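Protein sequence lines, in the order shown, are assigned to chains A and B. Counting from 1, one number per residue, gives the positions in the first sequence under the working numbering. Counting from 1, one number per residue, gives the positions in the second sequence under the working numbering.
In case anyone wonders, no lab produced these hints; they're calculated from the structure. A portion of the hints provided could be inaccurate.
Claimed, not checked - The list that follows gives simulated cross-link-like pairs (lysine-lysine, DSS-like), each with its CA atoms no further than 30 Å apart:
hint	chain 1	residue 1	chain 2	residue 2
1	B	K33	A	K96
2	B	K5	A	K5
3	B	K55	A	K396
Claimed, not checked - Partial selection, computed: residues in chain B whose CB lies under 10 Å from chain A:
hint	residue
4	M1
5	L28
6	N48
7	P50
8	L106
9	E111
Quick caveat, the model's predicted, so the values are computed rather than measured. All residues carry an ideal CB built from backbone N, CA and C; glycine is no exception.
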Amino acid sequence: MYEPKMKLTAEQRDILAGKQGEIKAKIMETIVMFGDIFEAPRLVPVTHHDGHLVTSFGIGLLKPLFKTMDRLNEADIKALGKFTVDPRPLDFENVKVNLLERLVFSKILYSQQKRYEEQLLKAGLRDEKAFTCACYLDEVGNIPQYGDVLSWAESSAVVYANSVLGARCNRNSGMLDLFGSIIGFVPEFGFITDEGRKSSWKVIIKTTRTPEAQILGSAIGMKVMEDVPYIIGLDKFIGTELDENTRGYLKDFGAATASNGAVGLYHIDNLTPEAKKLGHSLIKEDAKEYVIDDEELERVYHSYPIMWKKKEKEGNLVFIGCPHLTFKQINDWTDKIVAGLKETGRKKVKVRTIMTTAPDVLTKFKKTPKYEELLSTGVKVSSICPLMYTNNPLTKVRRIMTSSNKLRTYSIARYYKDLEILNYLVGKAVN
Amino acid sequence: MKEFKGRVIAPGYFKGEAVVSRQGVNTLATFQKSALKNAEEVLVSDQNNPDIYEKNITGKALCLPITIGSTTGGLVIQTVCSMGINPACFLFSEHIDSLAASGIVLARIWEDSNVIAIDMLGKEFLETVQTGDILEVKEDGTVAIL
Chain A
1 MYEPKMKLTA EQRDILAGKQ GEIKAKIMET IVMFGDIFEA PRLVPVTHHD GHLVTSFGIG
61 LLKPLFKTMD RLNEADIKAL GKFTVDPRPL DFENVKVNLL ERLVFSKILY SQQKRYEEQL
121 LKAGLRDEKA FTCACYLDEV GNIPQYGDVL SWAESSAVVY ANSVLGARCN RNSGMLDLFG
181 SIIGFVPEFG FITDEGRKSS WKVIIKTTRT PEAQILGSAI GMKVMEDVPY IIGLDKFIGT
241 ELDENTRGYL KDFGAATASN GAVGLYHIDN LTPEAKKLGH SLIKEDAKEY VIDDEELERV
301 YHSYPIMWKK KEKEGNLVFI GCPHLTFKQI NDWTDKIVAG LKETGRKKVK VRTIMTTAPD
361 VLTKFKKTPK YEELLSTGVK VSSICPLMYT NNPLTKVRRI MTSSNKLRTY SIARYYKDLE
421 ILNYLVGKAV N
Chain B
1 MKEFKGRVIA PGYFKGEAVV SRQGVNTLAT FQKSALKNAE EVLVSDQNNP DIYEKNITGK
61 ALCLPITIGS TTGGLVIQTV CSMGINPACF LFSEHIDSLA ASGIVLARIW EDSNVIAIDM
121 LGKEFLETVQ TGDILEVKED GTVAIL
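The task is simple: from the sequences and hints, build the whole structure.
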């Protein structure tokens, strides 16, 4: 038996010793050994039992994942709560592919999708609509409370939960997210502790207008990497209340900090819950400073490499919604596209466009007249993961445009500001 | 010969060739192509990492600061270890990151892998070691550049 360095309770020791079976012992050993590497003094209870898993795709290469899931299922081991999981990689109905792509996607790349989804359901997946990266949206309802300890992965969900909701979660890897949700404990280190939530960067916003969320997040992520930034001056533009608009902004901002860097928690002066409660006492004495003005944002924006093979050509596919759009965001996009097309006299958007949102948001949106209005512009709505879609050699020949900095980072999609994308779609000059 | 001492994450003895990345190694991007092809060796597929792009890292000592990228990183390390195409050792100059740590632990516990991992070898280690150097890694976390 592994001899832990951290202090365990009698119950935890019993699990480690195999009193609840061999599989649970291995799960406990994994969590304890992982915590020991970070010198965690003990395990603490997961207080929000509804987990969120990063691994939603039955990608053939992850054979050990399916083997481990089989072992969990055979031993009838389930998570304590009902978990959500990242979006599905495929949606042939709304995201059309050619024959060869369909073959590669379903028979080679994601050949294990059906099997894996069955395994997830047996282990405690909430339901077949639980596939979204934005599990914390009201319509989805996996919403931790302030101070809750979580066992989540998916970097954009973790940074949102830590920063906007004030929950406590480390940047976990896939598999560890599920193990913590099963065993009900996580090691106490990093963002779980008060000290780990303090900022070693003071970021001062000196722009003349509201910074583009995705570029601001990217700039901060690339500068601070895995550190915690405390952001001063942003409340002047986005307010001091976490309303629908602000939450949407912070979702996109946070995803960019997490993917362009490795940020797991940020504080925004006068806005996010811990900054409101604890203010500048969250900033470490020796914190470094980063000033962001209009010029700096433009510098960052123009630093992104263009990975398309034919750089001089226009885009031929647009993805909007990584992370998945909020209900407000998809409504706003619809209004802007419809108004823009009216202005330019076009009936349809200029290029194939896919907006992505959570299945529960899509269900709600379909009940409104705006859904048909959006479809009539030629836009398709899906709950796919754009990252998973672009994650194969065949889609790399496409010239994908996106206003997601996360998608830009993990694929060869080219980043455009929201307004640039809108202008392109409705047939105006991009800039 | 120059010696460095790190912290043992997963012990073992190794003598062999180093492959060095001065920048963070994107785990998914590095291993994905080889793992998908069921290849017998990993030729690094991360175009954004010129230090190790297209280099064979199977059975070698991968010297790096930390790993970066998708939170599937741990699972990917576990996968390549289960396929037996992993680097024999991961030698981190900094404190191991949570994704790599997960991968090493998953590989050792769930795949009975003998993968070796040493962290906190220091900045000087990564500045000194060169791709192609022969390294000797000992159970106590000593790494010698021979």
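Cross-check of the supplied hints:
1. B:K33 / A:K96: OK: K33 (chain B) and K96 (chain A) at ~24 Å, within 30 Å.
2. B:K5 / A:K5: holds (21 Å)
3. B:K55 / A:K396: holds (22 Å)
4. M1: For M1 (chain B), the interface hint is violated, since the closest Cβ of chain A sits about 29 Å away, which is over 10 Å.
5. L28: holds (8 Å)
6. N48: holds (9 Å)
7. P50: violated (13 Å)
8. L106: holds (6 Å)
9. E111: Holds. Min distance 6 Å.
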